[in-house]
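In order, the protein sequence lines correspond to chains L and V. All the letters of the first sequence, read from the start, carry residue numbers 4 to 265 under my numbering. All the letters of the second sequence, read from the start, carry residue numbers 4 to 569 under my numbering.
Treat each hint with caution, since some may be false.
[Stated by the list, open to error] Derived list of chain L stretches under chain V, where covered just means 3 residues or more per stretch with a C-beta under 8 Å from a C-beta of chain V:
#1 94-108
#2 114-126
[Said to hold, decoys possible] Mimicking DMTMM-like on lysine to aspartate or glutamate, the simulated pairs with C-alpha atoms at most 25 Å apart in a straight line are:
#3 V:Lys417 / L:Glu236
#4 L:Lys153 / V:Glu511
#5 V:Lys393 / V:Glu511
#6 L:Lys153 / L:Glu189
#7 V:Lys417 / L:Asp24
#8 L:Lys172 / L:Glu128
#9 L:Lys172 / V:Asp441
#10 L:Lys172 / V:Asp433
#11 L:Lys153 / V:Glu537
[Stated by the list, open to error] If you want a taste of the chain L side facing chain V, the calculated C-beta under 10 Å gives, among others:
#12 Gly5
#13 Pro75
#14 Ala79
#15 Ala170
#16 Met194
Please keep in mind that the hints were generated in silico from the structure rather than gathered at the bench. Using N, Cα and C, we set each Cβ at its ideal position, and we do this for glycine too.
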Amino acid sequence: MGILDIVHVTKRFGGLVAVRDVTIHVEPQSIHSIIGPNGAGKTTLFNCITGFYRADEGEVIFNGEPIHFLPPDEIARMGIARTYQNIRLFANLTAMENVLVGMHPHLTSWLIEPILGLRRYREEEARAREEALQLLAFVDLEDRAYFLAKNLPYGEQRRLEIARALALKPKVLLLDEPTAGMNPRETEETMDLIRRLRDELGITIVLIEHDMKVVMNISDVVSVLDYGEKIAEGTPAEIQINPRVIEAYLGRGAATGLTPAA
Amino acid sequence: MGGFPLRQSIRYGLLAGVAVLHMSLVGMVEAFSRREIVKDTISMGQLLLILAILVLAYVAARRAVEQHPLYAVFSGALVGLVAGALLAVLALLIKPLGMREVFANASPRLVKILLFDEEGVAGVARLLAVMTASGALAGLLELLPPRVRRPLVYALLATLTLGLLRDIFAVVLPRKVSRFLYTSSGLTQAGLLTFLAMWGVVFTFWETLGVRLQREVRSLPPAQQRPLQWTSYALVAALLVGMPFILGERGSYIFEVLDIVGIYIIMGLGLNIVVGFAGLLDLGYVAFFAIGAYTMAVLTTPELQVVRAVIPQMTFWEALPLALLASLLSGIILGIPVLKTRGDYLAIITLGFGEIIRLLVLSDFLKPYLGGAQGVTGIARPTFGDWYAKDPQDYYFFILIAIAIGFFISVRLKDSRLGRAWKAIREDEDVAIAMGIDHVATKLTAFATGATLAGLSGAIFAAKLNSMAPHSFNLLISINVLCLLIVGGMGSLPGVVVGAFALVGLPELLREFAEYRLLVYGAALVAMMLLKPEGLWPETLHVRELRAEPVKVSPVPAAGEAPGSK
Numbered sequence: 004m005g006i007l008d009i010v011h012v013t014k015r016f017g018g019l020v021a022v023r024d025v026t027i028h029v030e031p032q033s034i035h036s037i038i039g040p041n042g043a044g045k046t047t048l049f050n051c052i053t054g055f056y057r058a059d060e061g062e063v064i065f066n067g068e069p070i071h072f073l074p075p076d077e078i079a080r081m082g083i084a085r086t087y088q089n090i091r092l093f094a095n096l097t098a099m100e101n102v103l104v105g106m107h108p109h110l111t112s113w114l115i116e117p118i119l120g121l122r123r124y125r126e127e128e129a130r131a132r133e134e135a136l137q138l139l140a141f142v143d144l145e146d147r148a149y150f151l152a153k154n155l156p157y158g159e160q161r162r163l164e165i166a167r168a169l170a171l172k173p174k175v176l177l178l179d180e181p182t183a184g185m186n187p188r189e190t191e192e193t194m195d196l197i198r199r200l201r202d203e204l205g206i207t208i209v210l211i212e213h214d215m216k217v218v219m220n221i222s223d224v225v226s227v228l229d230y231g232e233k234i235a236e237g238t239p240a241e242i243q244i245n246p247r248v249i250e251a252y253l254g255r256g257a258a259t260g261l262t263p264a265a
Numbered sequence: 004m005g006g007f008p009l010r011q012s013i014r015y016g017l018l019a020g021v022a023v024l025h026m027s028l029v030g031m032v033e034a035f036s037r038r039e040i041v042k043d044t045i046s047m048g049q050l051l052l053i054l055a056i057l058v059l060a061y062v063a064a065r066r067a068v069e070q071h072p073l074y075a076v077f078s079g080a081l082v083g084l085v086a087g088a089l090l091a092v093l094a095l096l097i098k099p100l101g102m103r104e105v106f107a108n109a110s111p112r113l114v115k116i117l118l119f120d121e122e123g124v125a126g127v128a129r130l131l132a133v134m135t136a137s138g139a140l141a142g143l144l145e146l147l148p149p150r151v152r153r154p155l156v157y158a159l160l161a162t163l164t165l166g167l168l169r170d171i172f173a174v175v176l177p178r179k180v181s182r183f184l185y186t187s188s189g190l191t192q193a194g195l196l197t198f199l200a201m202w203g204v205v206f207t208f209w210e211t212l213g214v215r216l217q218r219e220v221r222s223l224p225p226a227q228q229r230p231l232q233w234t235s236y237a238l239v240a241a242l243l244v245g246m247p248f249i250l251g252e253r254g255s256y257i258f259e260v261l262d263i264v265g266i267y268i269i270m271g272l273g274l275n276i277v278v279g280f281a282g283l284l285d286l287g288y289v290a291f292f293a294i295g296a297y298t299m300a301v302l303t304t305p306e307l308q309v310v311r312a313v314i315p316q317m318t319f320w321e322a323l324p325l326a327l328l329a330s331l332l333s334g335i336i337l338g339i340p341v342l343k344t345r346g347d348y349l350a351i352i353t354l355g356f357g358e359i360i361r362l363l364v365l366s367d368f369l370k371p372y373l374g375g376a377q378g379v380t381g382i383a384r385p386t387f388g389d390w391y392a393k394d395p396q397d398y399y400f401f402i403l404i405a406i407a408i409g410f411f412i413s414v415r416l417k418d419s420r421l422g423r424a425w426k427a428i429r430e431d432e433d434v435a436i437a438m439g440i441d442h443v444a445t446k447l448t449a450f451a452t453g454a455t456l457a458g459l460s461g462a463i464f465a466a467k468l469n470s471m472a473p474h475s476f477n478l479l480i481s482i483n484v485l486c487l488l489i490v491g492g493m494g495s496l497p498g499v500v501v502g503a504f505a506l507v508g509l510p511e512l513l514r515e516f517a518e519y520r521l522l523v524y525g526a527a528l529v530a531m532m533l534l535k536p537e538g539l540w541p542e543t544l545h546v547r548e549l550r551a552e553p554v555k556v557s558p559v560p561a562a563g564e565a566p567g568s569k
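Extracted from the complex, chain L is given alone in its bound form:
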């Protein structure tokens, strides 16, 4: 039993089976990568975990509790945060505000407290701002706190999205292609950041990634999806020599990074 168990999950869209009977156990404080060719159902699986899609069959169990029937905001509050393949920041809010929105479940004020300017509210806000600055510092964005998210360069937007997800204080963090569109140096930095999330903050990472160098470098376990089905699972070393994986990738002529030499 892991911290996050995806048990026989199936998701259909009309006649198309996007995810078919997938079972994945994610161990606590591990980096668990999910790879597969385009359209293999990776992001759909993320959406099933976070509650944006309801799985047609199967269960998602988080920390021993089934969550597949809960609304997405409740799942988020339980401690599952995510980032998006195409960055989805709150573009017209500042970096600071983005992080503060992520803290939403951990704050308590609502309508009356801010209007009356109660002391409890003011102290809570001050603490939250301080914490947000620390989170921004963690991803090396503290000097960008009052910039609008949309004005940040691409790499910083990716990091801000991670900081926002961290603000939720998640136990499990789902990262959807965090290094997409990055140059080698930025990719390297992001890999360090992901390791630090696990080692310093003790967060379990589930990672969708196309960059095989990243996957093979930082993953503890790799699960491979193809056409919605899990075709392999194991350590990076095992996956690299798995014939079904090589076939799935090479068969479509897209597996340059998969050769053991890489």
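We have chain L already, so just place chain V on it with the hints.
Leaving out everything else, chain V in the frame of chain L:
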């Protein structure tokens, strides 16, 4: 003339021509001519024509100046000439072609106006001369350095506005001064020169000293800025509160207008929370205004025997909290089913809700309770002991307090946890949910807060009018409030005030043009969206907080691959 943008100038000229032809044929020019902006010099109708030329000639000149400075003047003049020629053709053809049968407004008077009270060739020559000169003037304007151009343009605009708003200022000023500056419909020539000189000095001053002062204040540390800020707030507040006392009886008309603007500002502040902060497009906002107003009316009127038999007649102060409660509850009740929908669907449903409320208050079925088509009269006025509100000035204070409350609530909520949740939902609802925000509760709170402010506005409106008719609560009010937000700048609090004055105050002052109100409205909104989509006074970030870093950031694309590619 190598490089002279001939075709482009003619194109702008034709554009200006179409604009002035249109304004002439829909009757605007004639209707507006009744008001003289400057005695014996220029009427509002002529001003309208010239303004159209000025704007388009300026745009044309702006492009032409890139080839050669002088081209700016030529290009502007050409725009004026082409547009003037089109007008001249119209003026000459109206009679021989019998155009009046098709265009009711193509009257002999229009011809007279267009030809500047002259006939035949002399009139055409005069028209062409004025139009060409206006165009050339716009071109010249482009050649001036911005430091000179800006004060000049502002001074002209301010002076014309003062002429246009004669009804306000002529009454307010001491009689002798007023006689000197104003005629019965506009400025005297002496007034024109006085105001031009005055504004010229003011704006020149502002361009040089004012800007520098502003920069210096900005560069002060926040701790020193704050007292200055508070002083300016206090000054504004003192002015707002003191105005009725300064103006006394003379100000009745002004306060009549200010009251209406104020009622819209309260509504605007409420809708700003719903649309500006939370991004929920509510087209039926008038419903909450109506609910506030009707609750006040039904609870305080001595009529409506059926209701009086059950609920005793209340005073204004007893009914006010109930009116607020009623609008708040209606906001929640409507919100629950509606807020699961998004965007267009939400807009349509709220639109329907607004109409339902209007039809309910109109209906014969509910007549014993709500007064039906005749409405309700005898609504209570606010009282303090023996004193009761009767003049527009008295209600002005109530409205001022309500606006202050609305402002206060908006400012406090804007950067709170709730305000951030609203903005997050506005930006991307799915992601906001993924951040653990309860979107239904959050949207419901926005809806209910907005509805309560509308209810407050409605309750004051009802008390102010003393009587109410259901037709005061039509769709146009929702649209008006939404438009004033758009014009002022979505999500911006000062924008609400600016928008309300521009879209409610101005038309109220220029009553005789009510016919063209919607036409101008439409044109203004289109122009707005094209030229300044962020609004007249857009929401700004706290410059204070940005000061740590240079304010301007240009996004640096990541080295390597382009964003979004894999």
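**Enumerated hints in conflict with the structure, sorted upward** = As far as the earlier hints go, 3, 4, 7, 12 and 16 are violated by this structure, in ascending order.
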